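**Student:** Okay, here's what each chain looks like letter by letter:
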Amino acid sequence: MEASKASQSALYAKHIPIFTRSVKGKYRNFKTAVMIVAYSVYFLLPWMPWERASSPSQALLFDLSTRRFFIFDLIVYPQDIFWLAMLLFIAAALLFFATGLIGRAWCGYFCFQTLWTDLFIMVEKAIQGERPARLRLYKQPWNAEKILKIGSSHFLMLLISFWTAFTFAAYFNYAPDFLVNLFTGHAADAAYITVAALTVTTYVAAGLLRENICTLACPYARFQGVMYEPDTLAVSYDAKRGEGLAGRTLPIAGLKTREERQAKGHGDCIDCGFCVQVCPTGIDIRNGLQYQCISCGLCIDACNNIMDSVGYPRGLIRYDSEKNLADATPHAPRLEWKRLKVLGYAVAIVVMTGTLFYNIGTRTNVEVSVQQVRQPMFIMLSDGSFRNRYQIHIVNKTEHDEIYKISVSGIPADALDMGNIPQVHVRAGKDLTVNAKVNLEHELAERTKTFNFVIQPQTAGAETITLPTNFNSK
Amino acid sequence: MSQDKIKTPTTTGHVWDDDLQELTNPLPNWWVWGFYITFVFTIVYWLFYPAWPIGHTYTKGIPGWNSITYTATTVDGKEVEKTTHWNMRSKFMHEMNEQQAEQKKWFDKVAGASYEDVSKDADLMQFVNSAGKTLFSDNCAPCHQSGGQGKVGFSPNLTDDHWQYGGTYDQIHTTIVGGRRGYMPPFKEVLNDQQITQLANYVLSLSGEPHDETAAAAGANIFKGDSAACYYCHGADAKGRVELGSANLTDKIWLWADVPAAKDAAAKLDAVKHVISGGLDRGVMPNWDHRLKPEQIKLLTVYVHDSLGGGK
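Here the protein sequences line up with chains A and B, keeping their order.
According to our numbering, the first sequence holds residues 1 to 474 in order.
According to our numbering, the second sequence holds residues 1 to 312 in order.
I should point out that these hints are in silico values taken from the structure, not numbers from a laboratory.
Since this is a predicted model, take the numbers as computed values, not measurements.
It is possible that part of the hints are untrue.
[Stated by the list, open to error] Interface residues of chain B toward chain A, partial, derived using beta-carbon atoms under 7 Å: (1) S119; (2) K120; (3) S146; (4) G147; (5) T159; (6) N192; (7) D251; (8) I253; (9) D306.
Backbone N, C-alpha and C fix where the C-beta goes; we use that ideal spot for every residue, glycine too.
Given the sequences, and given the hints that come with them, work out the whole structure.
**Tutor:** This is the structure in structure tokens:
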């Protein structure tokens, strides 16, 4: 009975709310810079105009209704889906590459969960004050002040969540019209569902759950752990320097200077606890590398500030590798990039990026496919000649209407019968299927196994497409 | 951590097999509340949807809530408008109505244009191809086969260039509207077997098939003579007459006698003789003027003319 009670209590840890202290330093500045750039791009890009002939002038527009995805001057069609596959591959390889080198840099500086959590903590700090004020507010009973401060910060978070969700949906609609339609009730059902769902998930994930997403829900957080190697740079506490032989201790009288401490065997850590107070996942970095650590570097900033104020050298907490920390004569932390795994990922990224750009660079303006009508496979005509029928499908991927002239090669030109449609007019971004009949006189038909359809766009300089096709006579 | 919240588990007090006990842990709160919410849902559902039987009728739910209106065609061809509460079938019917309205725009375009104008418009022809294929599969394919290729000895091939009743738009339209009835009398009643053999040789010679020259020469006389009077229907040049739908005997296309499939010259002769002696009373195509709407017949006309045979 006692044993089961103990194991039950070990499995259950009550959630402790985290109130982070703000900090100044180079990692904080970097995080803020990333946030400014990322938010500027994300929130402003849907509003960037871009002149286009056949569709709304929005620089980035994923038009689901016409199945065309506009990325500046690049138009992506659903059949280009493998570009997305390549992009995802590049993103994955980039993640592995970075993690092998400098640990969970994605988690600490770029992940949207981190960015939005950071923003929402800024909102809380602006309205409710610094960490001690927020702690005091949390412990005090629900009075007018608490309701007003907590309520207004959550209201603001909801507003930001809504604008986040709206911005996401705006990538799929012409933003200026969409904004009006959304509020006048004229937007599509899918738009309302998307905006509602993303508002709720953004608010819940970044406003309420926060570090729990990273520690409990996120799979990337867990599998990045296996990419760490002894040479990987990670946010680390130098235990040898911090603890000394006699452990860390407060700078009480007689233990103020470094010399005094070292004489008594104490390390440089003055146990101020700032590294714990600034941590967005609420861990103590001095306990070593932990799965909750998102590598944001804020504890480095916090510790460096304290070291400066007490006059000890910086870098008690720093980016360093496990191997170097364990070394008897550690060198200055450095990027250990001359490793097979790191170089392998780098090669994969370069090769795939090159392939992607080559593919995009050599994309065609028209796609043509010919399908033979197989019922019947061939037709004998009254004079003994043979007829085959085809359906030609033309996709005009340009931004202008195009006329395509269809002819044949390898057989007499007059063998082709396009009915009353000698030239095919296809509107910008649209596709069309036309009938074609090919009649060959008996002797020639029996000798002919293949011929070519030649599709010539009438715009000057456009590339001609030649499609080898089968001819059946038996 | 708040260890004080974890209580010692209570049991039913029943112990068996020395140490087995049954715990009396309560159900999780989220589960219990989920259970209660299903009760609330049920009551809301009763209010809005048909639910309880009352004698010969039932509770209808709040009227006007989520009702769907759709038009359906009854068995006697009348269009009726129905309004009902939301259900899968009414939703399906409603969506079908919307799609039909969308399709009607295209049918109207086809109906409003001349045959030639339809055949010149690539967008309209794309519609003709897809809608025509459906109409053809539903109505024509049982005889003419799914691709319109027909079947020798049963129904004409619509994809070749021979049109017994004419291959212009108007002639195809007339055929679909009024149907056709092909007939050839059995000639075993007026000709003996030798004459039929001679005639068959002549027919084979017209298409350049292997034949006996002398028999064919004799057959030519029978063809042009008045006892059998073949020329009366097939024409003096044996090229058939569009008004009667009689076959062109000089081309390579065979509708009734399966000459192309015959293994040798004797089998070809037999196939032709069989048709001459037995005659034909099978070339029947029903009329479609009351089974299909005028715009459907028009679309089928263009489909048969341009997508299948091309009228030539």
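**Student:** When the structure is checked against the list of hints, which entries are broken? Sort them ascending.
**Tutor:** 6
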